[in-house]
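Taken in sequence, the protein lines are chains A and B.
Just so you know, our numbering puts 54 at position 54 of the first sequence, and the rest follows in order with no gaps.
Just so you know, our numbering puts 187 at position 187 of the second sequence, and the rest follows in order with no gaps.
Simulated from the structure, these hints should not be mistaken for lab results.
Do not take every clue at face value.
What the hints assert, rightly or not - Taking CB as the label site, the calculated pair distances span:
(1) A:L6 to B:I40: 24 to 34 Å
(2) B:D311 to A:L6: 27 to 37 Å
(3) A:G26 to B:K134: 37 to 47 Å
(4) A:P107 to B:D44: 51 to 61 Å
(5) A:K2 to B:E242: 56 to 66 Å
(6) B:P109 to A:E96: 31 to 41 Å
(7) B:P328 to A:H14: 40 to 50 Å
(8) B:N45 to A:D88: 58 to 68 Å
(9) A:G26 to B:I325: 26 to 36 Å
(10) A:N30 to B:N137: 25 to 35 Å
(11) A:K91 to B:D311: 17 to 27 Å
Said to hold, decoys possible - Dumping the calculated DSBU-like pairs for lysine-lysine here, alpha-carbon to alpha-carbon at most 30 Å:
(12) B:K146 to B:K163
(13) A:K102 to B:K10
(14) B:K183 to B:K144
(15) B:K12 to B:K141
(16) B:K316 to A:K122
(17) A:K111 to B:K292
(18) B:K91 to A:K34
(19) B:K316 to A:K12
(20) B:K406 to A:K99
(21) A:K20 to B:K10
(22) A:K12 to A:K53
(23) B:K407 to A:K104
(24) B:K292 to B:K78
(25) A:K2 to B:K10
(26) A:K61 to B:K263
(27) B:K372 to A:K2
(28) B:K406 to A:K20
(29) B:K402 to A:K2
(30) A:K2 to B:K316
(31) A:K20 to B:K407
(32) B:K214 to A:K20
(33) B:K240 to B:K183
(34) A:K61 to B:K159
(35) B:K91 to A:K111
(36) B:K406 to A:K12
(37) A:K122 to B:K374
(38) B:K159 to B:K215
(39) B:K19 to A:K2
(40) A:K111 to B:K402
Computed from a prediction, not measured in an experiment: that's the story for all the values here.
Glycine included, every Cβ here is placed at the ideal spot set by N, Cα and C.
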Amino acid sequence: MKHDDLSDRMYKEHILELYKSPSNYGTMENPTNKDTEYNSMCGDEITIQLKVKNGKILDAKFSGSGCVISMVSASLLTEKLKGEKIEDVKKFEKNEILKLLKIKINPARIKCALLPLEATKKALR
Amino acid sequence: MKLNNTTAKKLKRDFPIFKNNPGLIYLDSAATSQRPEIVIRAVDNFIRKENANISRGVYTLAEKATEDYEQSRKSVAKFINAHHEEIVFTKNATEAINLFSYTLKSISPREKNEILLTEMEHHSNLVPWQQMVKRENMELKFIKVKGDFTLDLEDAKNKITDKTAILSFAHVSNVLGTINPVKELIKIARQKNKEIITIVDGAQSVQNIKIDVKKLDCDFLVFSGHKMLGPTGVGILYGKKELLEKMKPFNFGGGMIKKVTLKDAEWANTPYKFEAGTQNIVEVIALSEAIKYIENIGLENIHEWEEELTDYVIKKMREIPEIEIYHPKEKSAGIISFNLSGVHPHDIASLLNDYKICVRAGHHCAMPLMEKLKIPHGGTCRISFYIYNTFEDIDRLVEALKEINKKFNK
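Just chain B, same shape as in the assembly (with noise of 0.2 Å):
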């Protein structure tokens, strides 16, 4: 479905949050989305009518919930053209990112002691691996971010060697809403070090860019299903099954083995050996109508109404002067940070809520990212779209910045 300002206002009847809060502009969907109808009602429909736990019962209600189960890992994989063997379910992104920091230096040759990284990521993609740091006795390095909000290919250049162990890096920043480079990156990578472990960070990007693993060439991709329309406690771990299989499990207990002893256990296969104890059942069942509602539109559908309301929020703000706009000139997703001269962003977030306005304000994650462009109180006000914004919630939004900014700027 082509979108547009009358398709975007059709869509937003789907999501009841609108309908129950009259007037709501919803301008922080790259923190979480809302939910259309079809995924709360996938959540009410199992709890009252499906209830049973997976993997183990022999009855009827849990065979039918072990096949949710699994059909909803199956749309997932073909969401991003991967096999369902490769599709962990985590708690979330940075679930999946934990597990990674507990189990990748054994599947990476010992003398590779480098975790690269980029100066835009979200805490979620680098405390752990700071931690990992410290306990494999590695290091750290990053990709430097240029003044244009964009990566420094050059630099990824240069950083990329012989020790690099892992890449690690996001697809799309939380906070400029720059797209990366993601399959040129990976090329890189490649050609400069063939043991490498790639890593894609799709936490912005899953719902808004269509993503094929197998054209990316990525090792890995973690995402969360509740920026992309579906529940909040699932997160997607996507990797190739060759490496899956090599890993060891992160989480242990029940559902994730074949064989126990009182001394020993045997692991599951992947990707079961990895979903330790009772899975959130419910959550990832509902997920499966969060993609179909999400493909039904079409990803390059998304993107392309993201852009054009981008485009119109970056020209509506520049009418206020004292406006800061940090985002890149091309090559962006619907997320832009943005300041107002002589004002705290908590300030602004504060104010706009008595306008319905729901902005984030702060470092949003992304401490170091901050410093490193030296923004001023280290935070920005973010707004991100995503299929029910239209051209009059960006309306509304400027015409309050406006008079928040009489308000300092007299």
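Next comes chain A alone, as it looks inside the complex (with noise of 0.2 Å):
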């Protein structure tokens, strides 16, 4: 009875593990860094903790509520930004995202899958 598997290619095992287990989610004490950001259409809502030290990212966890795109990249994200230069990370961009997620994501679903990345940028401003 179903007609296609455009939204169930999102849905890999590996996503979904990561969904039920995320990878820094939580907070942390005294970040340098701190902002939310919201994804109007669905009322999805990330907050991004950085820890910043000479232009470099030492740590970073998030915290929120969302779907299983935007909660994965947020994993993803995270995990990612450890130990990286926040002036590469300004300039990440969807390719970035896509890259970490290993998925073919929907057009109407890359607002959620670029949360996280809007989150850290707008704490790092």
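Two chains, two frames, some hints: make the complex.
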């Protein structure tokens, strides 16, 4: 009774696993940078906390609530951020996120995938 | 026409969208309804054969266009038992409420400085008022929503006071499907405050429930054509004539004037003074075909069928223990919100798309209501029915939900 796989292909096993037990979910003490971004379409809300020293990100955490795509994107992004230079992170675009997710994202869900990156850029402003 | 599973299937054939998208299960009519062939044809026919601007030209085409446009105003008026001079065409229901927020202060007594809404309003019946209270130094108050998804009428009685300038509320909640007791609320309002202005947001009700503005005794009613089988781009503002006459125009320009000099202008009569510039002529004219189609079936039959579908879907969804349903026990329209435990509504809607099932997910432009009801993720999945929905649509929805549930809650 299923007609196609357009959405299901986003919900791969590795994605669902990371959704159920996310990495870097929670808060840290004394973050140097912190901000929240919202997706007005679905009400998702993601807060990114960073510890930055000498232009380098030492630690990253995220909190909030969202769909599988935004939560998994936040897990993968916070993992990637550790050790990155903030000047490089400011240049991150859609491609960096898609490489991390390793799935094809439907156009309507791109916003969800990019929400953690937007929160990060906001925190680094 | 009595609606049942057989007649609903027949009606489905009047809607080309289903022919062009085989297997489509459309459960998002509260966002916008589909359009029957006769409405699409009316749009096409006007552009192809009758196109001219209205109210200006004296040639035959322009006269015919004007006549058809005004005929549509009469159809809308008859549909809600109003006079045609009490019908203003706007872009949508939202624009009608914006018009109120800029014009009603001048016809309300100065000492009244409160606007009363409910906690279940769509952003369209909230955000314009937030801006108005800031501009006019007024205050916003809200009638509470109870745990059973209905309005707290005791709270309403306490909050309607001498100070209330405007009471504006949804007839049917676009999230919960709750039918609010319009007549009762307006009666209470008038008893407590003779000069109160009452506004009913009928965006989710006029297509399902027979409305008689005289019986409801509301001062204003707003609704949208595209949720009642008509084209997008047409909103309807009904207002009692004596009030419309007192109100100032909202948009200014051509078509809404009697006489213009270099320094000033005199307004046209109601309702024309509210219709500045070229209107959505095609869409307004095609709307009258949608009304004919609805009246042919009969609103009582439509409401009964929606109730049957609603009872059926709730019964079927209860087969999945992980589903939480947000819907009142009685007096409801065919709008049902739900969540699947541990799953974000957006993920459900995305996965349902693989089954060609269209549902809405998110806060449904009612963020304060989501917060009030403490809904996880601040959003729900919403299904909403109309005349073309059948039991089979629901069976396929529930089957799909069972499979999605297995994926997340195994």
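Results for each hint:
At about 27 Å, the CB distance of L6 of chain A to I40 of chain B agrees with the hint of 24 to 34 Å. The given range of 27 to 37 Å is respected by D311 of chain B and L6 of chain A, whose C-beta atoms sit roughly 32 Å from each other. For the hinted restraint 37 to 47 Å between G26 of chain A and K134 of chain B, the CB-CB distance of approximately 38 Å keeps it satisfied. For the pair P107 of chain A and D44 of chain B, the beta carbons lie near 30 Å from each other, so the given range of 51 to 61 Å is not met.
For K2 of chain A and E242 of chain B, the hinted distance range of 56 to 66 Å is satisfied, since their beta carbons lie about 58 Å from each other. Checking the proposed 31 to 41 Å range against P109 of chain B and E96 of chain A shows it is violated: the Cβ atoms sit about 60 Å from each other. Between P328 of chain B and H14 of chain A the CB atoms are about 41 Å apart, so this pair conforms to the stated range of 40 to 50 Å. In this structure the hint that N45 of chain B and D88 of chain A lie 58 to 68 Å apart at CB holds, the actual value being about 59 Å.
Checked against the given bound of 26 to 36 Å, the beta carbons of G26 of chain A and I325 of chain B, roughly 32 Å apart, stay inside it. One distance hint, 25 to 35 Å for the beta-carbon pair N30 of chain A and N137 of chain B, is violated here, with the actual separation near 42 Å. Separated by about 56 Å at the C-beta atoms, K91 of chain A and D311 of chain B break the suggested range of 17 to 27 Å. Restraint check for K146 of chain B and K163 of chain B: the C-alpha separation of about 24 Å stays at or below 30 Å, so the hint holds.
Between K102 of chain A and K10 of chain B the CA atoms are separated by roughly 45 Å; this puts the pair beyond 30 Å, and the hint is violated. Distance hint between K183 of chain B and K144 of chain B is fulfilled; the C-alpha atoms sit about 18 Å from each other, no more than 30 Å. Only pairs whose Cα atoms come within 30 Å are accepted, and K12 of chain B paired with K141 of chain B is rejected, the gap being roughly 43 Å. The suggested pairing of K316 of chain B with K122 of chain A is violated, with an alpha-carbon distance near 45 Å, which exceeds 30 Å.
Between the alpha carbons of K111 of chain A and K292 of chain B the distance comes to roughly 41 Å, so the proposed pair goes past 30 Å and is violated. In summary, the hint linking K91 of chain B to K34 of chain A is not supported, as the alpha carbons are separated by about 41 Å, beyond the 30 Å threshold. A hinted pair counts as satisfied when its Cα atoms are at most 30 Å apart, and K316 of chain B with K12 of chain A qualifies at roughly 28 Å. Restraint check: the Cα-Cα separation between K406 of chain B and K99 of chain A comes to about 28 Å, which is no more than 30 Å; the hinted pair holds.
Distance check on the hinted pair: K20 of chain A and K10 of chain B sit about 45 Å apart at the alpha-carbon level, beyond 30 Å; violated. Under the criterion of a C-alpha separation no larger than 30 Å, the hint pairing K12 of chain A with K53 of chain A is inconsistent with the structure, at around 36 Å. Pair hint K407 of chain B plus K104 of chain A holds up; C-alpha atoms about 19 Å apart against a cutoff of 30 Å. The hinted pair formed by K292 of chain B and K78 of chain B meets the criterion: a straight-line CA distance of about 11 Å does not exceed 30 Å.
Pair hint K2 of chain A plus K10 of chain B holds up; C-alpha atoms about 24 Å apart against a cutoff of 30 Å. Between the alpha carbons of K61 of chain A and K263 of chain B the distance comes to roughly 62 Å, so the proposed pair goes past 30 Å and is violated. Pair hint K372 of chain B plus K2 of chain A does not hold up; C-alpha atoms about 36 Å apart against a cutoff of 30 Å. Taking the CA atoms of K406 of chain B and K20 of chain A, the gap is about 14 Å. The hint holds against a cut of 30 Å.
A threshold of 30 Å between alpha carbons decides the hint, and for K402 of chain B with K2 of chain A the separation of about 13 Å falls inside it, so the pair holds. Among the hinted pairs, K2 of chain A with K316 of chain B is consistent with the structure: their alpha-carbon atoms are about 19 Å apart, no more than 30 Å. Taking the CA atoms of K20 of chain A and K407 of chain B, the gap is about 12 Å. The hint holds against a cut of 30 Å. This hinted pair does not check out: K214 of chain B and K20 of chain A have alpha carbons roughly 55 Å apart, beyond 30 Å.
Of the supplied pair hints, the one linking K240 of chain B and K183 of chain B holds, its CA atoms being roughly 16 Å apart against a limit of 30 Å. A distance of roughly 45 Å separates the Cα atoms of K61 of chain A and K159 of chain B; the hinted pair therefore is violated under the 30 Å criterion. Of the pairs offered as hints, the one joining K91 of chain B and K111 of chain A holds, with about 28 Å between alpha carbons and a cut-off of 30 Å not exceeded. Between K406 of chain B and K12 of chain A the alpha-carbon distance is near 14 Å, which keeps this suggested pair within the 30 Å criterion.
Taken as a hint, the K122 of chain A and K374 of chain B pair is honoured in the structure, with Cα atoms around 28 Å apart against an allowance of 30 Å. Simply put, K159 of chain B and K215 of chain B have alpha-carbon atoms about 24 Å apart, close enough for the 30 Å limit, and the pair holds. This hinted pair checks out: K19 of chain B and K2 of chain A have alpha carbons roughly 19 Å apart, not beyond 30 Å. At most 30 Å may separate the alpha-carbon atoms for a hinted pair to count; K111 of chain A and K402 of chain B meet this at roughly 27 Å.
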